[in-house]
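*Asks:* Heads up: the protein sequence lines correspond to chains A and B, in order. According to my numbering, the first sequence holds residues 204 to 609 in order. According to my numbering, the second sequence holds residues 204 to 609 in order.
Rather than coming from a laboratory, the hints here were simulated on the basis of the structure. The structure presented is a predicted model; accordingly, all values stated were derived computationally and were not measured.
For identical chains, the list gives no copy identity; a pair is met inside one copy or between any two copies.
Straight-line C-alpha distance at most 25 Å; calculated BS3-like pairs for lysine-lysine: (1) 215 to 459; (2) 459 to 372; (3) 344 to 228; (4) 541 to 254; (5) 295 to 228; (6) 577 to 254; (7) 539 to 254; (8) 568 to 228; (9) 295 to 230; (10) 406 to 372; (11) 215 to 372.
There are 2 protein chains.
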Amino acid sequence: MKMIEGGVCAAKGFRAAGMHCGIRKDKSRLDLALIAADRECAAAALYTTNKVKSAPIYVTRDNLSDGRAMAVVANSGNANACVTGGQDAARKMCAAAAKALSIKPEDVIVASTGVIGQPLKVEFIEAGIPELAGKLEASAKGANDAACAIMTTDTFKKEAAVEFEISGKTARLGGMAKGSGMISPKMATMLCFITTDAAISAKMLETALRDITDRTFNCVSVDGDTSTNDTVAVMANGMAGNDEITSEGADFDAFKAALLTVCTSLCRDMAKDGEGATKLIECLISHAPDEETARVLSKSVINSSLVKTAFFGADANWGRILCALGYADAPLTVDKVKIELSSPKGTILVCENGQGVDFSEEKAKEILLENEIKILIDLHDGDAEGAAFGCDLSYEYVRINGDYRT
Amino acid sequence: MKMIEGGVCAAKGFRAAGMHCGIRKDKSRLDLALIAADRECAAAALYTTNKVKSAPIYVTRDNLSDGRAMAVVANSGNANACVTGGQDAARKMCAAAAKALSIKPEDVIVASTGVIGQPLKVEFIEAGIPELAGKLEASAKGANDAACAIMTTDTFKKEAAVEFEISGKTARLGGMAKGSGMISPKMATMLCFITTDAAISAKMLETALRDITDRTFNCVSVDGDTSTNDTVAVMANGMAGNDEITSEGADFDAFKAALLTVCTSLCRDMAKDGEGATKLIECLISHAPDEETARVLSKSVINSSLVKTAFFGADANWGRILCALGYADAPLTVDKVKIELSSPKGTILVCENGQGVDFSEEKAKEILLENEIKILIDLHDGDAEGAAFGCDLSYEYVRINGDYRT
Numbered sequence: 204m205k206m207i208e209g210g211v212c213a214a215k216g217f218r219a220a221g222m223h224c225g226i227r228k229d230k231s232r233l234d235l236a237l238i239a240a241d242r243e244c245a246a247a248a249l250y251t252t253n254k255v256k257s258a259p260i261y262v263t264r265d266n267l268s269d270g271r272a273m274a275v276v277a278n279s280g281n282a283n284a285c286v287t288g289g290q291d292a293a294r295k296m297c298a299a300a301a302k303a304l305s306i307k308p309e310d311v312i313v314a315s316t317g318v319i320g321q322p323l324k325v326e327f328i329e330a331g332i333p334e335l336a337g338k339l340e341a342s343a344k345g346a347n348d349a350a351c352a353i354m355t356t357d358t359f360k361k362e363a364a365v366e367f368e369i370s371g372k373t374a375r376l377g378g379m380a381k382g383s384g385m386i387s388p389k390m391a392t393m394l395c396f397i398t399t400d401a402a403i404s405a406k407m408l409e410t411a412l413r414d415i416t417d418r419t420f421n422c423v424s425v426d427g428d429t430s431t432n433d434t435v436a437v438m439a440n441g442m443a444g445n446d447e448i449t450s451e452g453a454d455f456d457a458f459k460a461a462l463l464t465v466c467t468s469l470c471r472d473m474a475k476d477g478e479g480a481t482k483l484i485e486c487l488i489s490h491a492p493d494e495e496t497a498r499v500l501s502k503s504v505i506n507s508s509l510v511k512t513a514f515f516g517a518d519a520n521w522g523r524i525l526c527a528l529g530y531a532d533a534p535l536t537v538d539k540v541k542i543e544l545s546s547p548k549g550t551i552l553v554c555e556n557g558q559g560v561d562f563s564e565e566k567a568k569e570i571l572l573e574n575e576i577k578i579l580i581d582l583h584d585g586d587a588e589g590a591a592f593g594c595d596l597s598y599e600y601v602r603i604n605g606d607y608r609t
Numbered sequence: 204m205k206m207i208e209g210g211v212c213a214a215k216g217f218r219a220a221g222m223h224c225g226i227r228k229d230k231s232r233l234d235l236a237l238i239a240a241d242r243e244c245a246a247a248a249l250y251t252t253n254k255v256k257s258a259p260i261y262v263t264r265d266n267l268s269d270g271r272a273m274a275v276v277a278n279s280g281n282a283n284a285c286v287t288g289g290q291d292a293a294r295k296m297c298a299a300a301a302k303a304l305s306i307k308p309e310d311v312i313v314a315s316t317g318v319i320g321q322p323l324k325v326e327f328i329e330a331g332i333p334e335l336a337g338k339l340e341a342s343a344k345g346a347n348d349a350a351c352a353i354m355t356t357d358t359f360k361k362e363a364a365v366e367f368e369i370s371g372k373t374a375r376l377g378g379m380a381k382g383s384g385m386i387s388p389k390m391a392t393m394l395c396f397i398t399t400d401a402a403i404s405a406k407m408l409e410t411a412l413r414d415i416t417d418r419t420f421n422c423v424s425v426d427g428d429t430s431t432n433d434t435v436a437v438m439a440n441g442m443a444g445n446d447e448i449t450s451e452g453a454d455f456d457a458f459k460a461a462l463l464t465v466c467t468s469l470c471r472d473m474a475k476d477g478e479g480a481t482k483l484i485e486c487l488i489s490h491a492p493d494e495e496t497a498r499v500l501s502k503s504v505i506n507s508s509l510v511k512t513a514f515f516g517a518d519a520n521w522g523r524i525l526c527a528l529g530y531a532d533a534p535l536t537v538d539k540v541k542i543e544l545s546s547p548k549g550t551i552l553v554c555e556n557g558q559g560v561d562f563s564e565e566k567a568k569e570i571l572l573e574n575e576i577k578i579l580i581d582l583h584d585g586d587a588e589g590a591a592f593g594c595d596l597s598y599e600y601v602r603i604n605g606d607y608r609t
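Required output: the full structure, derived from the provided sequences and hints.
*Replies:* Listed below in structure tokens is the structure:
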């Protein structure tokens, strides 16, 4: 398996485009993305567990009930959530995309992201889609424009893709995602769309997506807020020519490994670009009694405002890390816990057997001034491991969210 | 019942004092508090549910196993948590206090607050206690000094007291508490000590404390981090002369009402003085199916970083409030939810039936620029109610916690 360029257009048989249609006031920012498959795809998606769900989630869920899809249409600048007529607007987006692509509206995945509670001006989207369909390209540029069109407070686009072998055939899988606030996904992240030319049944696609999402998107947290719009969707068109994956086995494992690689890359980017973030923080837990425990504990550390602000200040305040482990809803044998802090500048031991050890504050500062930090926690309590991805909490997060709407 | 002055010295038969003993480097700040009862008290306490607990919690729990106590000794500047020899140090604090007061070490409640993971210089405390015991006063000044000596990042001391009638006798109940970060108590808050001259059995005292704590301290959140040191302790010396409360009934209800009033006042102060806070935010939920649902939902709103930053920016971003209700672990009928924002400048409706309504942004801004804001949520789904107390998230929180330790 190797990382490649091309995002959602890396796999054969997918075209993408982005445009400014008018949802955003700033004309320099793209606000509408379209991804089109050349042939019918097996498709699966997971959605936010928030009881307040955006309107497009209901429409997409209906449309994917047959496990088939051919396109994605998504806008930024407005969440289409908590408004009257939201589902009508989402259906109009599907209808417009279907008309432009000569497919059925039921084969369109629809999503929105942006401010909650303000009516979506769907007429801008309907007016823009014919032009957008004309821009579709099976190229890195098409993928790039689509990835840019779903950005909100993101400071860079998130794309990843891999090439891998599956039953002797070369397949590709790529995706795009957006962050970067209201990120504490449960079942799915804000918005993420993945395409692949591997042949796989809709059922196995959903199984793979569920497993990999638990290990990636559900382990990212920027601010502990689970959005109303979280959606991760994947479309597989089978053009790689491999025997269709319909059960577990080596081919399914190869597919999952590719999906894991792309999703992990997108998650790290999402955490790194968390609102106001100056640092990517990864919490890696080893020797846990089970994977679920490792995930719950690592997410608790990543979510702690006190841990996050300490890293912003490059302060090796490990007591806050131990504290966050202690209040997590998971078993913990405190007096076995070992904590190390690591970055490209080195690794330093700060806590052993649940108690502080002497360390060089100078060396710790040097390590923590880097912009990618790993918190290494050894529980000495089993063989499982797990990781969570997050970022620091900065003045900039407060500024961004103090006046996001106005 | 009426609010009175005097904090932990408001009730008959309690003396208090505070001093600088050397745990803090800054000599202008008190760091050691002592509260002494003139006679043996029924006593009860609740502690953090964090699995990482400070050493004094283990010692206090032992000492209170007989439901009796006569004194409290507490220091700030060091949490005495996650260090070797922590329990020995806590026992030395009890022994020194007991010697100076001519009581048994087992009758002393001990607590610490401050940085985690650095050894406590207990010799400073042992050396200071004789002088501190000499300063004990049954006065507002004594109570004030003790309240000041447990402050960490608090910007003002927290005291409250009431006078109330109980079986024809006048009784008093007063307390002191500290915030102001790592505040998301579960079972108890950072540190809170309450004294009363009411006569009540240790068993009924604990029952009352547990009930009131659920409705007050367990509904405060500054940053969602549950501390390692949370302790709330209450001592009752019986000097008011009422018939001892040994069961439920009118006297017990009167006592609980007094305890509720004092704890609510301390909680509001704690939220208002949350690290970096510019506003007190109360989330009041009405017409909930049950009290537990109301509490879980209101805490979710109060805990949301996105809600907190919106209030810092005086932005009526109600979508984030609805979103936080939606991801809480409690039932919610989204399309019944009504949300109003309120302050001394007025009340404004922003959401009805789970959807936005037109409102004047100008009026909303005027309301939200005040420093005490109420979020009024009507679930239209039952008869229960509940409230949570919190604060906004400001640049100052990030500054305080970016370099707390160094």
